[in-house]
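Protein chains: 4
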Amino acid sequence: MAGNTWGERFTVTTFGESHGPAIGCIVDGCPPGIEISEDDLQVELDRRKPGTSRYVTQRREDDRARIVSGVFEGKTTGTPIGLIIENTDQRSRDYSKIKDVFRPNHADYAYLQKYGIRDYRGGGRSSARETATRVAAGAIARKVLAERFGVRIQGYLAAMGPLELACTDLDAANHNPFFCAESERLEELENYINALRKDGDSIGARINVIATGVPPGWGEPVFDRLDAEIAKALMSINAVKGVEIGDGFAVVNQRGSQHRDEMSPDGFASNHSGGIQGGISSGQTIRASMALKPTSSIIIPGDTIDTSGQATQMRTTGRHDPCVGLRATPIAEAMLALVLLDHALRHRAQNADVASGLAPIASERA
Amino acid sequence: MAGNTWGERFTVTTFGESHGPAIGCIVDGCPPGIEISEDDLQVELDRRKPGTSRYVTQRREDDRARIVSGVFEGKTTGTPIGLIIENTDQRSRDYSKIKDVFRPNHADYAYLQKYGIRDYRGGGRSSARETATRVAAGAIARKVLAERFGVRIQGYLAAMGPLELACTDLDAANHNPFFCAESERLEELENYINALRKDGDSIGARINVIATGVPPGWGEPVFDRLDAEIAKALMSINAVKGVEIGDGFAVVNQRGSQHRDEMSPDGFASNHSGGIQGGISSGQTIRASMALKPTSSIIIPGDTIDTSGQATQMRTTGRHDPCVGLRATPIAEAMLALVLLDHALRHRAQNADVASGLAPIASERA
Amino acid sequence: MAGNTWGERFTVTTFGESHGPAIGCIVDGCPPGIEISEDDLQVELDRRKPGTSRYVTQRREDDRARIVSGVFEGKTTGTPIGLIIENTDQRSRDYSKIKDVFRPNHADYAYLQKYGIRDYRGGGRSSARETATRVAAGAIARKVLAERFGVRIQGYLAAMGPLELACTDLDAANHNPFFCAESERLEELENYINALRKDGDSIGARINVIATGVPPGWGEPVFDRLDAEIAKALMSINAVKGVEIGDGFAVVNQRGSQHRDEMSPDGFASNHSGGIQGGISSGQTIRASMALKPTSSIIIPGDTIDTSGQATQMRTTGRHDPCVGLRATPIAEAMLALVLLDHALRHRAQNADVASGLAPIASERA
Amino acid sequence: MAGNTWGERFTVTTFGESHGPAIGCIVDGCPPGIEISEDDLQVELDRRKPGTSRYVTQRREDDRARIVSGVFEGKTTGTPIGLIIENTDQRSRDYSKIKDVFRPNHADYAYLQKYGIRDYRGGGRSSARETATRVAAGAIARKVLAERFGVRIQGYLAAMGPLELACTDLDAANHNPFFCAESERLEELENYINALRKDGDSIGARINVIATGVPPGWGEPVFDRLDAEIAKALMSINAVKGVEIGDGFAVVNQRGSQHRDEMSPDGFASNHSGGIQGGISSGQTIRASMALKPTSSIIIPGDTIDTSGQATQMRTTGRHDPCVGLRATPIAEAMLALVLLDHALRHRAQNADVASGLAPIASERA
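Chains as they are written, first to last, in our numbering: chain P, 333 to 698; chain X, 333 to 698; chain Y, 333 to 698; chain H, 333 to 698.
These are calculated hints, taken from the structure and not from any lab test. There are no misleading hints in this set.
You can't tell identical chains apart in this list, so a pair holds if it fits in one copy or across any two.
In the DSS-like style, the derived pairs of lysine-lysine whose C-alpha atoms are separated by at most 27 angstroms in a straight line are:
(1) 407 to 381
(2) 407 to 431
(3) 429 to 407
(4) 530 to 381
(5) 530 to 429
So here's chain P without its partners, still in its complex pose (with noise of 0.2 angstroms):
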C-alpha cells in the first residue's frame, strides 16, 4: 500500500491538502448495523477543532464531515464509508512570503526533495489539517468499540513544557480546551501561554491517553503487537517525537521485582506494563503516552535556504499555534480507537472460535 491507508481490516484511506478545494477519507470494513450520523462525527470534530479557544490558532474551520455513502437509514450496511470535508476557509491569500523559502523543521523541505513538486499553501499534506479526516474516522471506530466490544477511550494533557500535570478527575479533562484532567491548574496554564505568545514562540507537550474494557487477546505477534502498532499510530500524528506504553521510558531505571505486575485470582496489583504483554492485550487499561515538539512556525526569525538552495530567513506571521500539543489529544484517541478496532476485527478473523478456558483476572485488584 502507499502510505495513506491506516489498518487492515478496519481501514481508514485519507486525502486532502491544507487549502485544497477537500479533504476526506474512506472507512472500510466497518461493521453493518452500527447506527451512526453526520452529528456522531461532529462532536468529535468539534473537539478537535481550531479557534475553539484563544489559547489555539484562530482559523475558522468550520468543519462539517459528509457522510456520502455506506451509511443507508441510519445504519452502517458494511460498504465504505464515504467522509468529505469541504475545505470552506480556503480565501485567496498571499503566499509570497513563504512560496520560496523553507520553514526550518517543517515538511516542506523533505517533501520537495521526496516528489520534486512544491505546493507552498499552508503546508499542503503535510499539514495538520489532514488529522480531521483521522478524527472523524476515528469516531465511527470509538462508536463501533463502544457498542460492540465495549471499549472507552479518553487522553488527557500529561505535561505542557516545564508543567507536568495529574489526572485527577479524567472526565474534566472534555471540558475545557486544554484538556486537562487536574482543573485546578488551568489559570498556571493560561498565564503560561500567554507569556509564550508575548515571546513570540512556541512550546512542546505530553498527551497520555488510556482505553478500558479492552478484553485480553488483542494483538498480531511479532511484529503487529498492539504495543507496536500504537506505537506507529501515534507517531504518525504531525510533531510527535516519542511514545511510551505503560511505564514507557521510566523502565530503564526500573528493577524486574519493581516492574513486573504480579496477579492473584483478584487481579493485576499493579499495571506497569500498560495493559499489554508479550505484545497482547491483557485485560488491563491500556496506556499510553506521547511527546509532540513545539511547532516552528514563530514570529522570531530564523535561518533558513530558499527553493534554489540560497540563505534566507523565516518569521511565520500567520496564525499558528504556540503549543500544537494542545489540539492533539482527540487526534490521539482517534488513532487509538483506530489500532483497537481493527485488532478487534483481526482478533476474532482468527480466533472467533478460541475458549481460553480461564476467565480474565481483574484489570487491578482493589
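Keeping the supplied structure of chain P fixed, place chains X, Y and H upon it in accordance with the hints.
Only chains X, Y and H this time, still in chain P's reference frame:
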C-alpha cells in the same frame, strides 16, 4: 496480513518457537545481484547470540542460518530467500514447574487468553529466540543498504539502569559485550551487573541506534511515515516499552526557537528532529532510541496464578539475562535496516523519475 | 485490507452506492509531475456513460469527476488524489415493487446474507455504477502508462451472443457505441439488439483488451503473476464469468508444438501466450479476454423469493441494458491499466538497478 | 507485499527453487486448536507427486513436508506454521545443453529480463516444483475448512485435448492417475497419452473444481470478490491460461431468461452462476474451471535464441509430462482452499455479529 510479516516491498515473514525444531524466515523482494553468503549472516547472528559473555544468558545457541533458496552462485536472484536456523538446544527438559503457572509480566497469560493454547516450552513464540531471524534478515537488508544506497547503521547501549552512557567512540560498541560506546565505563557496567545477579534481580536499559547516509525523501506520509514505521519496528522487539526519534520526550520542555533545526547552504545547524521531518528523511543522520524493561524472569519469588486461576508463586530458576537490553542492540539495528530498505524501495517505486532540482544540503554543518 | 482497494503501489480505494449522494475514490501512490485535469477523466467517463446511445440504458448520468486533492497547478504532487462524482440522478423514486423482493441472479440476496442489511436502492454498492470510479482512476493510470512507460491499452467487443466479431480496425472501436472493431457489422449488431429488446430479454458478450508497449519483466511470481492479477482485475468487474490470457481455453486442445511461441533474433514467431510467460511480461502484446453474462434484469417474469422467504415473481420494469457487455470495454481497459501501472511500479521498486545484458527481442517478427 | 504471499488473514508465503536445497512455506493466521500432522500433509502431497504413474514425469520426488513450528502436541497454536520440504532429488546434473538457451514459451527469458539473473537449473523458481508447497499449505486449509466450516473441495479432469470428460462419479477422481471422474474413459485416456508420447508432443487440459458447504456471505466486493480471488488463485498456477466461474464463457451466448438462477423457498432452480453472485457466495456449490496449456518442453525441436541473442534450436530430452494438466487437480483444490478459508476469516472479522433474519435456501432444489 497475519502479524508475522514485516514490510511492503522488502518483506520478512518469520516462524518458529523457542523450543520447537527450527526457526526461520522468508525474505521476499530483495533486489537481485547482491552477493550474500551464510557467513554474512553469521557475523550478525554471533553479535546477538547468548553465551558470548558471562553477562548474558549461558544458553548455548550455536545458531547457524542456512540459506535454502533465493541465492544462486553467491548472488541473490530476486526470488524469496529462505533462511532456516535449527534449534540445536532442544534437549529434553523438565517443564513441570512452569507448565501450569503464568510468569508475571510474561506473555504466557495473554497468549493463552488469545489462542486458547498453552505452549509452556520456554516462552514458545513469545521468546526473544524469535529475534534471531530478524537479525539474519537484517543482515541481508544491511548489505543491500550499504552496497546500493550507501547507508550504515550502528547502535549502542545508552543506559543500563541508573548508568547513563555517552557515545564517545561509536565503533567501540562493536568490541565489548555491552555494546557500550564509552569504553572507560566497562568496569562500572560489569560491577553493576554482578551486584544485580547477586540480588537475583534484573534491570532495564536504553539502546540508541543511528543510520547515516540516508538521502532525503524516504518515508510515506501520512500513516507510513518513516518515524512511525521505526517506532513500530522498535516497539515490536520484546521488552521494549518506549521509542523516541531525535530528541524524543525532551521536546516536551523545548521551545520552538530551540528545537527547530535551522538550515543554511552549508547544512543543518542541528539535528533535534533525528533526521526526519514530516515523516520523510531530511538527509540528516537518523537517530532513534528505545527503552527495554527489566526481565520478569528473576529469582525473587512473585505472586501469580496458575492455569486454573488459583493463586501461587513463581520463582525463575533457569538461565536468564539480568538485563535483556544487553542483547538488544543488534536487533534494533536489524529492525532499523528492515524499515529503511523497505522505504528505499517504496520510495523509488513512486518517485524514480523525480529530480527536485535542489541538491541535498549537508547533514550537519561543520 | 477490506475489499475496496486495488493495488499495492498504485492503489485505488473506492466508495459509493448507486443511489447514494456520491461515489468516488482515492488514488494513492501516483508518480508526481504528471499533467492531469478533470477533462482527462471526462473523456474516459463519457466513453463508459449510459445514455450515449439507444442501445444502452437511458439513465442520464451526467458524471462529472471532481479532483479535490493530489493535483496542484495542473500536475500530480505524489499525494493521494481524491475523486468525487456526485450522484445527480437521485430523484425520489418508488422502490415499493423491489424493496422486499430479490432479483434472481442479482447480488441482493447474497448481500443481505453477508451484511444483514438490505439496501434496496437500485443495487446499492453492487450496482455497475461503482465502475465509474474505476474508469476515472484508470484514466490517470493510462496517462502515467503512456507518458512514463509508452504503454497503450485498447479494448473491443469480440462477441455479442452468437455474433462473433473480428478486429479489422482497432481504432474503429472508439467510434461506435458497441466498441466494435469490425465496422461493417454495426447494422447487424443494431438489428440483434432491437430484436432482443422486443423479446424483453438480454444477452451475454465477450470483450477483448490488449496492451502494447509493455516491456519484458512486469509481474511478481509466484502468486502476483501478471496474468493472475489481470484475471482478478477483469473478474472483479460486474457480470464477468470468465477470463482468458492469450489463447485461453483454446489451449486445452492445442499441442505443445503448436502452442509454444518460438523465438528468433527477429522476434517471437507467434503470441499464443498473450505476452506473459511464467507470470512475467515477455515484451509481446498483452492479450486478455473476458465473458460477461446477460443481465438478469429483464421484463420476462421470473421465480424468486421475498425477504421473508416466501415465493413470488420478479419482473424488471425500469431502464436496463439488454447487453451489459456493451458498456464494459472502458471498464476492462481501466482495470488493465490499474494492473499494469501497479506492476510497473512494483517491478522498479525491486529491480531498478537490473541490466539483463540482453536487448528485448521484437514483439512479433514481421 | 512482494509476490510470494497469498491471502490476507490465512496467509501462505512460499520459497524455493526446483533444484535448490529445499522448498517450503509459512502458513500464518491459522486458527488454533486444529489437529494437524505431517501425515495429513503427506496424503495431499502424494496425490500431486510426479512418478505416481507412467503418465506423468518419472522424477522421483519423495516429498516429505516437515512441520517445524506452529503445531504443539498435535494441534495448531495460532502461531506461524513453518513447512519445509528438502529437495532430495538434487543429484549433480549436466545443464550444459540448456544453460545458455531459452526454452520457447518457458519463463526463463522473462525471468532473465526481469531479474538480470539466469538460474538455469530446471526452471528455478518458475518450476511447477513450487506448487508442492501450495498443496501442503492447502492441506491445512482444507482441514480447517472441513472441521470448522463444513466445506469440502474436489477437482477432476474435465478435458484432455479433444477428449471431453463428464463427471459421472466425483469420488472416482481420487482413484485414478488422471483425476478422471468418468471411469469408463480411462483406457481412452491412456491410449491418447501413449500416442502423444510416441509423437514427442504434449497437450492441454481442463480441470474443474467444486466446493460444497460454503455458506452465503463469503467474498469482499468490490475488488476482492470471491470469484475474482478464485480467478487469481487458479491463474497463478503454472501453465493456466483461462479461468471460468459457473457457466464461464458459455454465458456469451446465453439469454438472461436462460442464465438467471431462479429462486424458490425450496432452493435455487439452477446454478449457472457457479455459486457466486455479486462477488459473494450464494450458498450454492462453487464451480470453477481452468485451462492448462501443453508444456513446451517436448522432444520436437523448436526455434529459439541463446543468452547472447543468437538463433539456435531447443529440444528437450529430460523427463517431462506430456500433459501437465494431469498433475494440476490437487493444486487447483489447494488454491481454492486457500481462497475460501481466507475469505471465511475475512468475512467473520467484519460480520461476526450479523444475523440476516433469513435462513439460507437450499443450494439446489430437488
